[in-house]
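Undergrad: Chain residues, written in single-letter form:
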Amino acid sequence: MNPFTWQSALFLAPSIILLFFFSYWPLLQDVWLSFYSWNMISPTMKFVGLQNYLQVLSSSEMIKVLFNTALYIIVLVVINFIVPYLLSFIMTHRINKFSFFYRSALFIPSTISLAVASILFLWIFNPLAGPLNILLSGIGLESPRWFKESGLVIVVIGLIIGWKVFGYNLILLTAAMVDVPKELIEAARLENASNWQLFRRIIIPMTSSTALYVFVITVVFGLQYVLVPVNMLTQGGPDQGSTNLVYIVYQYGFVFFQIGKASAFAILTMLLYAFFLTVKTKVLDKMVHYEN
Amino acid sequence: MRISSNREWHWHLLLLFAVLIQLWPLLFMFSTSFKTMDQIFTSTLNPIPTIFVLDNYFYVLKNLPLTQYILNTLLIASGITVAKIITSILAGFAFVYYEFPHKEKIFNTLLLTFFIPITVVMIPNYLLVSKLGLLNTPWGVMLPQLADGMGIFLMRQSMRNIPKPLLEAGRLENASAWVILTRIILPLIKPAVIAMGIVFFINAWNDYFWPLLILHDKPTYTLPLALQMFISAEGGSEWGIAMAVAMLTCLPPLVLYLACQRFIINTFMQSGVKG
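Protein chains in written order, with the working numbering: chain A, 1 to 292; chain B, 1001 to 1275.
Errors might be hidden in some of the hints.
With a cut-off of at most 20 angstroms between alpha-carbon atoms, the simulated SDA-like pairs for lysine to any residue come out as follows [stated by the list, open to error]:
1) B:K1218 - B:I1070
2) B:K1103 - A:S8
3) B:K1105 - A:S8
4) A:K282 - B:N1108
5) B:K1131 - A:W25
6) A:K282 - B:F1114
The set of hints was computed from the structure by calculation and includes no laboratory data.
The shape of chain A in the complex, shown without the other chains (with noise of 0.2 angstroms):
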């Protein structure tokens, strides 16, 4: 290791002078703009103090806000994180060949735009000629007002993201998967576990930093590329009924023009992200020792 000097400072530089000021600081900037009443574009902005949060809490809103996120949250996790996480234990572990072919497969979606995605699943659960609707009248069944019943929205978007990031989470627990000694899983097939003591006792504490990091990714990436499909495909509607705390952010700066509150909102988002940051933090402690 070498000495660090004004020279070697270069080298970090860049990074450290652009990540605070286009994350850190805008940051700072939210909690500064969330006491005040601006419409983006006047020329004076008005001192409220702690009025956007009162407001923003108190609002009915709030708690449809909170519940749709909690929704969200629910609909991602099962996709995005327990779907793979079994997949990735067979694909690892119950299968020998063609194991690559499967994983590179799944993955595919991962590299097309949300935008893409979008657009896609709009025409694939168009509820008068899309395919979806040929299908399900195939067996006699009514397509559902996909984009426009509450509740239903919700899942419908999850499954978007969820096309979108399935492969992507699917990669990274088969990583941990792959680390887990195959002799491990042979010893407890030949003393007959069953596949419940089987991942209790040896797949999940074997796995769980990843595990831990892709639930805390489903999570706080899972509410941003939300705002994708909502913003075209729903705007947040049917009455608010698909927007969530990342969003409502957006509505408030970019539709509403009120300032203060996206604000508010922003700082807390920024509260939500905290806790999962947290957690998130807990495992980083363990991934920066390394053997050397």
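With chain A fixed as given, assemble chain B onto it according to the hints.
TA: Then chain B, alone, in the frame of chain A:
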């Protein structure tokens, strides 16, 4: 696993079903883009167009400034990719090669930016870009995306895997840090740099939300933004054309991915937590 191999086929069945679900929408997009309007509604489910037409593509090329959109997207994605590669390599190198106080804390602080949601930073960054007069320009889209916490992490990881004696040898010959980085380290981590670059490029190419805030004039649109124009037709008569634009949007990332699958998958596997 030897013991269960006779029961393996039903796992394969399950996995093939998953592959089918993942790839069916793509196949569907592909075939719809080559169908006539008639076929789109009469043989919706048929994956092979009965008459294979390029009409949708011709329509798009004729009626949209598509070359402009492609160039806009390419410029933005390339600019971001090159900048992120450079800043990530330099910072990753500093973390591996130098000893300095609070090293891990600084590293974690930089890595954490990866997890700050876009909506939290978007209003101040938008105001800044607007103040600089960079709205409606590709530079405004690129500006906040020139460094990357995850990139620094990936580069540090790759450089750590280089055997220490190689770096020692350079140091004994009194080579400068810059020479060690460019002559010894970079050639060794080239595959990781390329893979990371491809991932940066794909993400920047696909980006929708930040460009949406910055680019309002149609001639400045990127491809994902251009897709938005077909949504208003929800009544649904322009699906063939919409799917053609969607195809063109996802083609470059798809080709890059299919050409370098192993690279990319390995890079992604590294970006997760190990141990």
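Undergrad: Give a verdict on every hint.
TA: Outcome of the hint check:
For the hint pairing K1218 of chain B with I1070 of chain B, the CA-to-CA distance comes to about 13 angstroms; that is within 20 angstroms, so the pair holds. About 13 angstroms separates the Cα atoms of K1103 of chain B and S8 of chain A, which keeps this hinted pair within 20 angstroms; it holds. Proximity of K1105 of chain B to S8 of chain A is assessed by CA-CA distance (about 18 angstroms); at most 20 angstroms being required, the pair is judged to hold. As the CA atoms of K282 of chain A and N1108 of chain B are separated by approximately 11 angstroms, the hinted pair is consistent with the 20 angstroms bound.
Taking the CA atoms of K1131 of chain B and W25 of chain A, the gap is about 16 angstroms. The hint holds against a cut of 20 angstroms. Straight-line distance between C-alpha atoms of K282 of chain A and F1114 of chain B comes to about 16 angstroms, which keeps the hinted pair within the 20 angstroms bound.
Hint violations for this structure: none, all hints satisfied.
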